[in-house]
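Enquirer: Whenever a hint applies, use it, and build me the whole structure from the sequences.
Number of protein chains: 2
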Amino acid sequence: MEATTHRAMWEKLDLDLEAHDALLEVLGKFYGDIYLSQNNRLQGAEYLDFVLSEVHGLRIQEIQDAKANGRKVIGSFCVFVPEEITLAADAIHVGLCAGADAGTELAEQLVPRNTCALIKSFIGFKMAKLCPFIESSDMIIGETTCDGKKKAYEAFNEIAPTYVMEVPQTKSPAARDLWKSEVKRYLSEVESLTGQTITAEKLKKGIRIANDKRRALQRLTALRAASPAPISGRDGLLINQISFYDDPIRFTAKVNELCDELEERISAKEGVAPTNTPRLMLSGCPMAVPNWKLPYVVEGSGAVIVGEESCIGTRNSRDLVDESAETLDDMIDAIADRYMKIDCACFTPNEERLDNVTNLAKKLNADGVIHYSLLFCQPYSHESMKINNVLQEAGIPMLSIETDYSMEDVEQLKTRVEAFVETLA
Amino acid sequence: MEATTHRAMWEKLDLDLEAHDALLEVLGKFYGDIYLSQNNRLQGAEYLDFVLSEVHGLRIQEIQDAKANGRKVIGSFCVFVPEEITLAADAIHVGLCAGADAGTELAEQLVPRNTCALIKSFIGFKMAKLCPFIESSDMIIGETTCDGKKKAYEAFNEIAPTYVMEVPQTKSPAARDLWKSEVKRYLSEVESLTGQTITAEKLKKGIRIANDKRRALQRLTALRAASPAPISGRDGLLINQISFYDDPIRFTAKVNELCDELEERISAKEGVAPTNTPRLMLSGCPMAVPNWKLPYVVEGSGAVIVGEESCIGTRNSRDLVDESAETLDDMIDAIADRYMKIDCACFTPNEERLDNVTNLAKKLNADGVIHYSLLFCQPYSHESMKINNVLQEAGIPMLSIETDYSMEDVEQLKTRVEAFVETLA
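The listed protein sequences derive, respectively, from chains A and B.
Counting in our numbering, the first sequence runs from 38 upward without gaps.
Counting in our numbering, the second sequence runs from 38 upward without gaps.
Worth flagging that the hints you see were computed from the coordinates, not collected in a lab.
Since we're looking at a predicted model, the values are computed, not measured.
Check each hint, because a few of them may be wrong.
Which copy? The list can't say, so a pair holds if one copy fits it or any two copies do.
[As the list claims (entries may be wrong)] The list that follows gives simulated cross-link-like pairs (lysine-lysine, DSS-like), each with its CA atoms no further than 30 Å apart:
| id | residue 1 | residue 2 |
| --- | --- | --- |
| 1 | K451 | K66 |
| 2 | K378 | K217 |
| 3 | K378 | K208 |
| 4 | K109 | K208 |
| 5 | K400 | K306 |
Expert: Here it is in structure tokens:
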């Protein structure tokens, strides 16, 4: 990333310039090692490299320009925040920084030590003044998807005012009513923030943009069933990660172009790894940029990753909002219904996820699954045990990994992953 | 406990007799060391000793006799399950075993290692066949108060069918609607189980019995403001613990008798410790029978405990159900409202608890507060940091303790508590 070009902007956003420079340097090196070292990458990967290299640069500049033109920016940490509504008000919907060890010591002044790395990261990024997305946001949205985040937002709210949506914990009719009322409350809040009235026409457009993005990602997911694997898991993950940061219309067009290229590759039976390479699916907690640790370990262990069953993966793209609604209230119902289909581990019971994981692993012709839980993430740690049981019944081997963002356990992870991959070869 | 007398009953309940004998022996010794060794105990403590010694014996016999007469037994792990409704259907409402390390290794087959001791305990008690209350229950009620329990009930349900109530995570009108619908659903479920129709008259009676119990506990709490402290913290906790196991009408009468005795003591300026003994309030996670570890450490360190701000303490007794309602629906509203006042850390925000803790500490003339979090309990660990801030502002020193049920850290806890108590002397 050309740090010097964007310095004035970062300074205006009150980032800690020195620490931010150091962060970008580490990330640049990390990206070079993990991404640029790959063979047989797609031509379309140029888009990924560009977006990533400018994620704190040109993309922030673009957002600042939009703000200067009166558009608002809404930042969130979760796939439950209805992007359709944000887009309907012509606001910008972005994910916030949460994927690297940054400001961890500061974060531990606000949240307990036994908190997952993702939560400590978003608090650390804010406290250490390292996230230009947080600093560009006009509204930050939290949710109640886990105890860790729910309580962390109370502390976070002291340093960055946070609007919290209540996500219910079951899928009962009463829980769905609660969620619909939360969707409506969010819509009102976005109207207040932007000064716009969200009409049926505008919401229809928002729904279409969000669905188009999901359709492009679904197309990508489906193409990854091919053998040999036409794209690396690292690039697959990166596309899903970028979906939270780039402009959705540009992103959709670029991903569709990339899928065209993938189709050519598949026709030519070309891939990123030989046909007999063990194919693994990742499942579990989200991997936010630049948390590429596990994919790097896995694909350095002689396997290829063919899918990500996570919030930064299929959990965010699998379900579409029904586009047939014409009135505003029917559209809100359609949005509420779509989000209630999310198979987040915050729900009890959450049997759908067991089916979804098994079906996806089969559809992607995965030889095995690696279940990934962030240390101290209770919902996904619990489900890891259930997923292991159903995959065992389906004859699909699973390895359960629990880790954080530190690099201390990389060698140990390598040993475990290599041993697992050997059993599949 | 006279083990031999109750053996046939335990065998019928399919307890693991040998392991259960061993458990009772350990608990008997533990109780002797912690309780019977105390000086200046109340006469009314005979009731406590008797109930505790027969908690797996005569009380279970009484419950079995009631079952033989057609009454049903409902077991739960949380103060959110509306006892009023259970009582209205003439059913028996009991707390389930969750206060000792039992069957931990078995439990770790069902729930992650990083789960709090209370959750591992209830699963362990069931798997190791050690809890006669679980085995006597016709219905077991879970709730969604924390990620750990919410997901553990899914696993627990496989070995002990569990009906789960959704407790909302905020106190918004929509969340209150959800909770009211859950209260109604519970009422229907209890009617189905018992074959009884819950009329307004029956529910009024249930409300009165539950409120009378709370009033007796409130009276006890208020009397503990006296100096010198008229009752030990261990006995205060034990009374709160027994409130979940004994018959509520008998319990209320006995606690009121005990309060009469306390009043005499207070008039005579008698107490369990000299007037200058540092007075501490406990705050945080519940301490289920026989989790007396921290009170034992504290009262062995030259301090006296004057109150318990926890679910097995004031969180369970502070709020009454409004008794003025006459129709069934109004009563259900009154019940829903009462439970929505609970300041459980499951709510966000939960500012009431900050006020309640500060006010209670002042009311009880506490010199300091010990905040107690079970290891891996995220909601209370988070709030411990906020409580520390507000107590500091109020000039009340606080010590934060995070621990589990093992005895390994007792010496370390003693050192920390003694150091804290010294600063208060």
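Enquirer: Evaluate each hint against the coordinates.
Expert: Going through the hints against the structure:
In this assembly of identical chains, K451 and K66 lie within 30 Å of each other by CA distance solely inside one copy; the values are 20 Å within and 49 Å between copies. For a Cα distance limit of 30 Å, the shortest separation of K378 from K217 qualifies both inside one copy, at 13 Å, and across copies, at 24 Å. In this assembly of identical chains, K378 and K208 lie within 30 Å of each other by CA distance both inside one copy and across copies; the values are 9 Å within and 24 Å between. In this assembly of identical chains, the alpha carbons of K109 and K208 lie at most 30 Å apart only when taken from different copies (29 Å versus 32 Å within one copy).
Only within a single protomer do K400 and K306 lie at most 30 Å apart by alpha-carbon distance; the minimum there is 18 Å, versus 77 Å between protomers.
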